[in-house]
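**Student:** Sequence:
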Amino acid sequence: MHRALLVSEVLLEIFQHVNVNSGSQSDIKKPTLNALARTCKTFHEPAMDLLWAELSEITPLLGCIPRLHRLIYRSGSRHSWSLSWHSNEPLSEHEARQFLRHAARVRSLHTSFDAHFEFFSVLPIETCVFPKLLSLSFMDPKPQSKYLFLFLSPTLRRCNLVAVHPDLKSIATRCVALEDLSILYPYDGTGGNPAV
1 MHRALLVSEV LLEIFQHVNV NSGSQSDIKK PTLNALARTC KTFHEPAMDL LWAELSEITP
61 LLGCIPRLHR LIYRSGSRHS WSLSWHSNEP LSEHEARQFL RHAARVRSLH TSFDAHFEFF
121 SVLPIETCVF PKLLSLSFMD PKPQSKYLFL FLSPTLRRCN LVAVHPDLKS IATRCVALED
181 LSILYPYDGT GGNPAV
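Numbering of the sequence shown is given in the numbering used here, commencing with residue 1 and proceeding in unit increments.
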């Protein structure tokens, strides 16, 4: 291997070109980054960081847990939860560590309320699930949602909400780098969708 490939900044630059050249076609980008992550130890960390950098939901992270993987990806179809998944207990300590290891790589997340959040009920309230998160779209229209705190990171710069949450005060204290907070009201049929 060429010595230049041992410099993490060089690898990141190369891997970002794989990311950009593949565009938003995750069916091309994800397998390419996945293959790079499995190529050698030197490629693993930078490829994994890019592979998990942007998520449109938390389901793929839950798929990293063997017990849940079988439920999420059963019979070869992606995200086809079995009807019994609601009865699953929260993550065990080992499963939570496994989830948090991958969640630490996420930089941008778009999520809506889902019963998936129940899996995190064992995490202490001070746990920062996504410590490097820069952008969050939390599309839970129910302001009583008690799970917003899981997504509040000290590195968070942009946050989009669709309701005023009880945790709104904690955003100011937990998200010290916040530059943009938008509260989008749900579509009301009048042609407007104003942001506060």
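Among the hints, erroneous ones may be present.
Estimated spans, in silico, between C-beta atoms of each pair [unchecked claim]:
#1 Leu184 <-> Arg97: 28 to 38 Å
#2 Leu168 <-> Arg3: 31 to 41 Å
#3 Asn34 <-> Glu13: 35 to 45 Å
Distance condition first, Cα-Cα at most 27 Å in a straight line; then the derived DSSO-like pairs of lysine-lysine [to be verified]:
#4 Lys30 <-> Lys41
#5 Lys132 <-> Lys146
#6 Lys169 <-> Lys146
I should point out that these hints are in silico values taken from the structure, not numbers from a laboratory.
All residues carry an ideal CB built from backbone N, CA and C; glycine is no exception.
**Student:** Quick check: which numbered hints come out false for this structure?
**Tutor:** 2, 3
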